[in-house]
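Protein sequences, first through last, are from chains A and B.
The opening position of the first sequence corresponds to residue 1 in UniProt numbering, with each subsequent residue numbered one higher.
The opening position of the second sequence corresponds to residue 1 in UniProt numbering, with each subsequent residue numbered one higher.
Calculated from the structure, these hints are not laboratory results.
Glycine included, each C-beta is placed from N, C-alpha and C at the ideal position.
Take these hints with a grain of salt, some might be off.
To be verified - Simulated DEER-style distance windows between Cβ atoms:
(1) B:THR209 <-> A:GLU87: 50 to 56 Å
(2) A:GLN123 <-> B:PHE26: 57 to 63 Å
(3) B:GLU16 <-> A:GLU63: 21 to 27 Å
(4) A:ILE290 <-> B:ARG166: 56 to 62 Å
(5) B:ASP208 <-> A:ARG23: 53 to 59 Å
(6) B:LYS51 <-> A:LEU367: 16 to 22 Å
(7) B:ASP208 <-> A:GLU240: 37 to 43 Å
(8) A:THR364 <-> B:GLU74: 21 to 27 Å
(9) A:ARG164 <-> B:LYS181: 27 to 33 Å
(10) B:GLU87 <-> A:THR364: 34 to 40 Å
(11) B:VAL184 <-> A:GLU87: 46 to 52 Å
There are 2 protein chains.
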Amino acid sequence: MPEAYEQTLSNQTLHELTASLNRGMFVHVRNALHNMPACDVAFILESSPVKTRFAFWQLIDSEFHGEILEELSEDVRSSIVRQMMPEAVAEATEGMDTDDLAEILRSLPEHLYQEVLSSLDAQDRHRAEAALAYEEYSAGSVMNTDTVTIRPDVTVEVVLRYLRMRTNLPKNTDSLYVVDKDDVLIGDVSLIKLVASQPEVEIGQLMDTDVVAIPATMSESEAAQMFERHNWISAPVVNEQNHLLGRITIDDMVDIIREDAEHSMMSMVGLDDEEDTFAPVVQSTQKRSIWLGVNLITALLAATVSNFFEDVLSQLAVLAILNTIVPSMGGVAGNQTLTLVIRAIALGQVLPSNTRSLLIKELTIGLLNGLIWALLIAGIVGIWKQDLTLAAIIAFAMLMNMVAAGISGVTIPLILKKFNIDPALAGSVILTTVTDIVGIFAFLGSASLFLM
Amino acid sequence: MPEAYEQTLSNQTLHELTASLNRGMFVHVRNALHNMPACDVAFILESSPVKTRFAFWQLIDSEFHGEILEELSEDVRSSIVRQMMPEAVAEATEGMDTDDLAEILRSLPEHLYQEVLSSLDAQDRHRAEAALAYEEYSAGSVMNTDTVTIRPDVTVEVVLRYLRMRTNLPKNTDSLYVVDKDDVLIGDVSLIKLVASQPEVEIGQLMDTDVVAIPATMSESEAAQMFERHNWISAPVVNEQNHLLGRITIDDMVDIIREDAEHSMMSMVGLDDEEDTFAPVVQSTQKRSIWLGVNLITALLAATVSNFFEDVLSQLAVLAILNTIVPSMGGVAGNQTLTLVIRAIALGQVLPSNTRSLLIKELTIGLLNGLIWALLIAGIVGIWKQDLTLAAIIAFAMLMNMVAAGISGVTIPLILKKFNIDPALAGSVILTTVTDIVGIFAFLGSASLFLM
């Protein structure tokens, strides 16, 4: 009988396993882990704090270590691999998919790397070295070399006989690649087409010659975008001479699509590389400190701007009280525009031809927003502080800052991109600096002109 | 010859097409669009401002409208469909995948919805109504009903003969589903296994009975997480009696995986539903206003807190100048924790059993960060303002606020989740309110105690 969903991993399971572990019921935990699919064990490891994670890992029979490592996310995987003996790593990675093997080797510190590499058997070492020859994050580094290739002059029947002899096809094979005698890719035949064809038809007549191949040097993110756009299950990878090198499958691309989408969100608060929710404290503090340091500089910059207006501030405490409102609203409005533009850049939607429309659109929104919130804040301040000049001043500052927010939200990420700086990483902090400074200048500046 | 990547859509193409459109070279644009795959035309429409988008759309022959609509993202698709005549929509959706057809109908305003539904031919209307019977965003609403089912008592040879007769298998078929006479799912056979098996083997012996089926009532996001975790290409959908209803394929899930990952980022700045980069100005302004309104309230709250300390502020302008630093640092540190926790919740990693570890971890980071930045800001203020008491006061406020940021970053999203409020949507604004108020209270409060 097929498994009902209820029998697969639930959060309840994880809760119970952690409780059992804490109560020292190791045999129970070991048995439970052994009866689970590797992907569920991987999920449990990813959802556990570091100590619990290692405790679980040690209860898992080493013969399953390989398949579980394959399922883990990069950060969590390397946190485990770094604790293992080189021989144990070599053993666990035996026969692993080329891309996972290369990724594990890349995550190791230099001395372990060499040791593990030399402990691999000849075939795995050869495969790993081939994958490591491609740059990290390139299509070549995530491809698998286990493709099934056929020649155009054979018939469907011959191919089917050949497949029956092989008995085992690589995971997620949906197409066979047709190559000439020099291994140049000339087309593909989907399994769907193959099984639905008459036995005597020749592959040359059946094959699809429109197949789009991915160059091994393309970035994995670009390749993932192509998978997403074209709804591919797998795609062939070729070198510059169009020689077939391997194939990429959708399951590896799904991880990259998710990581790329998450990347912007994480980068915007400076968590760029912190993929592991339960990373050790010192490691996390270090990673986050850079961002806090940058923010301290911007906060000090804003304080310096306020410092210019010490005179007016010392005479009118009400300005100190209202001084944070305009920068705060500008920051939020600017970050809305910025987030939208960062996402559009990530999707490849922002181009020279439509930048102007985007800028005009966001500028208009900034003006509209500026008018709405200027009127509202003028009303509130007018009633609260019974001062019409003050109300006019804060309204003017709000309008200025909203327009500045709209312009900065579009231009800052575009400028950063031009200089090859990740807009998600640096955009938000630069934008906030701009909206803080413009907001404070507009508010305190006009206050010192009209209220003194 | 297989297409090289250079011949597929590049940003250059989009740039040239927009230029040609602006120069009025309609025939050229029309021909170019006709020679492109539907997914590339969809990309061009998504990357164009509203006016250009409609200009392109009108140049596309109506017989291609259907396949292009299938490739468009939801927001962009509904912006186009709302401009079309009901008959044109009905014509374009003829024979479309059930899930896309249902989604298009759902995006229509009520009066158009009925008109389009009644213009559909009987078969499409029947399929659409079946899909519409499932709740929006449920697995049932995204499934396709075009499954290939076989019985367990036939041989591989019979199945292959049957497939040859059908000649055309549904897109992305990687498995055939094995059902009994009541249509109850009892297993599946992958195409890979089928082509690699001897003709005389019976399906009952070959089939995999461990197949995990998705209940039609499961949410599409949960289903997408299962696809991601299990590396599926397709999965069967069943009702409560385990009757096979249809199947879901990875290409539809990839969109949901991306949308879910982006959702948190967009929500955090209140852009929840704005998927269309080039949405009209008024629509965008409205959507963003809610968020700005909420922020205005928090900014006013913070101003009210400062208002309590009007006395000390009016005597010491330096406090007004430094007043923004501590809230700003607390806001950044808190948002780092918040973003991490929101992502972990989205991935299903946060559970009662590990909440305590997470809280202790973030609290410790808060303390460590607090100490580091308290010392640094004390040094800076001590040197800048030549006032050791002031330096001690700002250091104390910094430490307090960093700890508050760590605690709030973990607890706020968890509490929101308990009350079924999206933590990504409301978390950031509540957290910032907390760090603003704690920061101002700690700084101005201790200043009024020790400096007056």
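Do the hints match the structure? See the list:
| no. | hint | in the structure |
| --- | --- | --- |
| 1 | B:THR209 <-> A:GLU87: 50 to 56 Å | violated, 38 Å |
| 2 | A:GLN123 <-> B:PHE26: 57 to 63 Å | holds, 59 Å |
| 3 | B:GLU16 <-> A:GLU63: 21 to 27 Å | violated, 57 Å |
| 4 | A:ILE290 <-> B:ARG166: 56 to 62 Å | holds, 59 Å |
| 5 | B:ASP208 <-> A:ARG23: 53 to 59 Å | violated, 36 Å |
| 6 | B:LYS51 <-> A:LEU367: 16 to 22 Å | holds, 20 Å |
| 7 | B:ASP208 <-> A:GLU240: 37 to 43 Å | holds, 41 Å |
| 8 | A:THR364 <-> B:GLU74: 21 to 27 Å | holds, 25 Å |
| 9 | A:ARG164 <-> B:LYS181: 27 to 33 Å | holds, 30 Å |
| 10 | B:GLU87 <-> A:THR364: 34 to 40 Å | holds, 35 Å |
| 11 | B:VAL184 <-> A:GLU87: 46 to 52 Å | holds, 49 Å |
The earlier numbered hints that this structure contradicts are 1, 3, 5.
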